[in-house]
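Enquirer: Residues per chain, in single letters:
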Amino acid sequence: MSRLRTLAESRQRPIITAEFPSIDGGNLDTVKAKLDPILPYVDGINATDNPAAHAHASNVSIAIALKTLGAEPIMQVVCRDKNRLAAQADIVGAALFGVTNICALTGDDVTAGDEPQARRVFDLDGPSLVKVASGLGEGHYVSGRAIKPAPDLFVGAVETPFGPPQHYRIERARIKADAGARFLQLQIGYQPEVLETFIAGCVANGVAARTAILASVCLTKTARALNFMNDSVAGITVPPAIRDRISKASDIPEESYQLTLELARHALSIPGVAGIHIADFRHDGSFARLIEDLGLDTSAPTSPTPASTAPTSA
Amino acid sequence: MWTVAEGRSHHALNPNSWEGHFAELRPPVDNQLRGSSSWKNLLTKRDVAFPDGWMGITHPADSSELPMSSLNEVDDINSLDQGFHERTPLS
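So the sequence lines, in the order shown, correspond to chains F and V.
Just add 2 to wherever you are in the first sequence, counting from 1, and you've got our numbering.
Just add 3 to wherever you are in the second sequence, counting from 1, and you've got our numbering.
So that you can see chain F by itself, here it is in the shape it has in the complex:
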């Protein structure tokens, strides 16, 4: 059983996952160099699938590389670039190498990337891919053709609490949980009150009890990074007060770190949040500092014993 699954089911302690940087060239040593600074501090690492519609080394190759190097990969699968045949083949194929955590998402449109001329696929969407992946874990393809033995998959998804219409995001999380998502990684957000509302809704409708919800934070060190996310990344709003706070700080990198720490502390304090997902754009040791400042310890052993801390529906 994967460590992510063990923690998601037991809720022994907060889960920590991270975004793995995109790789465009090199070899396993290139992957290792990016992995080593974060490996001791995470329970799972996302092997992304052409993020923001930019081509990179494939999700399958990075997931297998991470597994080879001793990490626990979470293989993202997006619907933009592959039809249902290719998506299923990737998931079943990666499982042969022990890649069993799958994060299904619809993905950005090709117009978000640097090759907007590409044909978009979207044979499935995120929620239906969750169900398809869950079906693979149950031992059958979409056609019904049996898979023996069935891969021991742990399937999750993403959700964007901060994108409009915000009230529907709670319902969309429920749809994904019903489809088989057992963890949900949330979009990066700078609106704590919106996150609280979303999580409260997920506790009320029972999603938080059966699906480990991971709030996301982003380690940045410039005001420009926040402005870019606010202006160019769908589903992310950085309130003017936060942008002003960073841009007017005497030590912008430090103030940026403190902001991330505050957001992470707040997220982990919300009943129903099972952990955090961290995207590190600083690459300066702040990842380890953040884990330490949050008082988290991923070296603690995990056991599949259910804890009583899992939130229950109202």
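Hints are supplied without guarantee of correctness; some may be wrong.
Label-pair restraints from in silico Cβ distances [what the hints assert, rightly or not]: (1) V:GLU76 x F:ASP295: 54 to 62 Å; (2) F:PRO151 x V:MET4: 27 to 35 Å; (3) V:VAL7 x F:GLY297: 41 to 49 Å; (4) V:ASP50 x F:ALA35: 46 to 54 Å; (5) V:ASN75 x F:MET3: 51 to 59 Å.
These aren't lab readings, by the way, just hints derived from the structure by calculation.
Glycine is no exception: its CB is placed at the ideal position from the N, C-alpha and C atoms.
Following the hints, complete the assembly by docking chain V onto the known chain F.
Expert: Just chain V now, kept in the frame of chain F:
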């Protein structure tokens, strides 16, 4: 467009069932239905005929002995039906 559609699903003139449909898990599109009559598919319930695996049905038969060639290819992809998305003409 999606957010507009979601907003209109709550419109007072819409039947309640339309609003509910918005929150349903949508099955994969059957691309074989392209070009066929949606009214006919509705009446014959062809539009709710989903793949077995989607319905949670596993075929017990072992398909490992079925002959499948990996060397077949379509001679001219422009001769194929367009599929769900419009094809960009090849030069």
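Enquirer: Could you run down the list of hints and mark each one as holding or not?
Expert: Evaluation of the provided hints:
no. : hint                           : result
1   : V:GLU76 x F:ASP295: 54 to 62 Å : 57 Å, holds
2   : F:PRO151 x V:MET4: 27 to 35 Å  : 43 Å, violated
3   : V:VAL7 x F:GLY297: 41 to 49 Å  : 45 Å, holds
4   : V:ASP50 x F:ALA35: 46 to 54 Å  : 52 Å, holds
5   : V:ASN75 x F:MET3: 51 to 59 Å   : 40 Å, violated
Of the hints listed earlier, those the structure fails to meet are numbers 2 and 5, in rising order.
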